[in-house]
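There are 2 protein chains.
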Amino acid sequence: MPLSGQTTPGGPPLLGIDVGGTNIKAAVVDAGGVVRGHGSVPTEQELGPGAGLDRIEAAANAALEDAGVGLWDVAAVGLATPGPMNLKAGTLLCPSNLPGWQNWAIREAVEARFSKPTTLQNDANAAAYGEYWSGAGRDADSLVLWTLGTGIGCGIILRDAVIEGEHSHGSECGHIIIDCRPDARVHPGTGMRGTLEAYCGARGVIARARDALNVDRGQSAMHERLAGGAKLTPKLICEVAAEGDELALGILTETAQLLGVGTVSILHTIDPDCVLLAGAMTFGGPGTTTGDLFLDTLRLEVKRRAFPTVAEHLDVSFAGLGADAGVVGAAGCARRAFAG
Amino acid sequence: MPLSGQTTPGGPPLLGIDVGGTNIKAAVVDAGGVVRGHGSVPTEQELGPGAGLDRIEAAANAALEDAGVGLWDVAAVGLATPGPMNLKAGTLLCPSNLPGWQNWAIREAVEARFSKPTTLQNDANAAAYGEYWSGAGRDADSLVLWTLGTGIGCGIILRDAVIEGEHSHGSECGHIIIDCRPDARVHPGTGMRGTLEAYCGARGVIARARDALNVDRGQSAMHERLAGGAKLTPKLICEVAAEGDELALGILTETAQLLGVGTVSILHTIDPDCVLLAGAMTFGGPGTTTGDLFLDTLRLEVKRRAFPTVAEHLDVSFAGLGADAGVVGAAGCARRAFAG
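From first to last, the protein sequence lines stand for chains A and G. Counting from 1, one number per residue, gives the positions in the first sequence under full-length UniProt numbering. Counting from 1, one number per residue, gives the positions in the second sequence under full-length UniProt numbering.
Heads up, the list lumps identical chains together, so a pair's fine if it works in one copy or across two of them.
Distance condition first, Cα-Cα at most 25 Å in a straight line; then the derived SDA-like pairs of lysine to any residue:
hint, residue 1, residue 2
1, Lys88, Asp160
2, Lys303, Pro82
3, Lys116, Leu71
4, Lys235, Ala207
Hints listed in this document are in silico derivations from the structure and should not be mistaken for laboratory results.
Isolated chain A (complex conformation):
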């Protein structure tokens, strides 16, 4: 959807850039939060910050070309990256997905390269802001977005503000504790015991499935697939759940219930309008039988455990922007800071 060099009625477009460990995605986003052009290049973070800046520019140029606008049309640039970072300083610290970019003052570097005011935001927070601005949460005054994948990303938006925290560790709700007992699961990455991610991150789901398989020695569809050489992955669990395998359906249900426990803790802290689900670990996501079952089970668990007043008025849904949430949200953060 080229802009033909014109600005939209709501103001000039923004450039949103979402840096991942594998790819850098860029988008030209209009003032209404609609993507007008996409670009994507491999991150190649191992080449270091200098090359990284070139890759970011290449992604941006591709998006500008796709949108049919020039950099001069753009009001500001919004960056989203994985943490940990120092949001106030605009620097990356030691992101595990970007080891080649450690301690890089990325905001300043991008600002200098594009000569545009630039914001830096955590990628999970940016995705939440994107959904808030123009996605499934656009009618909400506050929302929580869960991005379920290898890790459990979270972003919380309260009345147009991102909960960033004093040390850039706000909205890190994948690391809230849902099981206080001494024998709770330990997260293999963080070493933290009993956290939501230890149970519902990809590795936690696989570990729980393995435990269930060890207990249940029957001949489930999952046993058969594994005996046939299949690897125990979230995708496999989802597939056999869709075939009606009870063991896999039990894992799906338990995952949704545990996510419900964590969600209720956030509801009783923030009391938002809306909770959204995104990411690969949503058991197929919207429009699939297993995805809908996952969402419905989560809704039920929230209703069962939360204060009625909180649960009654809460919208629990799938997110709406898909893979664009990060670039849209990054652009939205730039708009709020410089062009809102």
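Dock chain G against chain A, hints included.
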């Protein structure tokens, strides 16, 4: 400390009113957050809203007289009451401590009676705002206050804003879930399973102590005191802990650790500067051996479980305003709304 009819340099004083199930406390608070006069009368909520308004006025008049100022000197009135309430509408809903005041539009009634702009705030939130404004959190940009008693009150302040929630249920962190398992403790009041209050509210502490006594059939000091006719109360647990009784010390330690679990979940959601402890259930509180042990154990648990970046820069301390936190915070909320 009479004001002698003069306003302080920072602006006119405020009237803070903290309504409890037993007493209504009022205070004249200067623009710097210092109490200049106190008043207190029995709530007698069973007499209904009409009498309640008279009681509120009586408490206010006592505070005005104590401060040596007139109502005409006061810029605004801040009310704090127990929930549940509708903060936007300024009405009480069905507070269990104020059954005689159900569905009362208290903010409007007080505003009309005093002819002063009036705010309504949840009492736990008001106490947190008081500590933030002029108490132990006055140097913090954000804080969490735990008020430990029969229930576990919580208030969260983020950059001068109270987290009220969309349905007046923000900062209700006594009801976050710390134990997701099916056999977790059930809160005797709310019926909720695995919540922080189910473990660390007064009744939860007593229930855990009773369980420990049933398991440990030895002759602890606690066994002896109970055999001698003493009642199992938090006060008794605290007393025998101070005498070095291991069973009681175990309860103290476990309570602090479980509160630590809940605290870490909030830290990974909000990432504040400061966490404060107040209330009767702090095992003696500041200046006592058991109170200091309780605080130190909480600090240790937070350090053990939270992200290092979050825990490293966090101040975990006792609150500073004692029983004045509610009236000071209520006054502070009025100041922020009308005279800030």
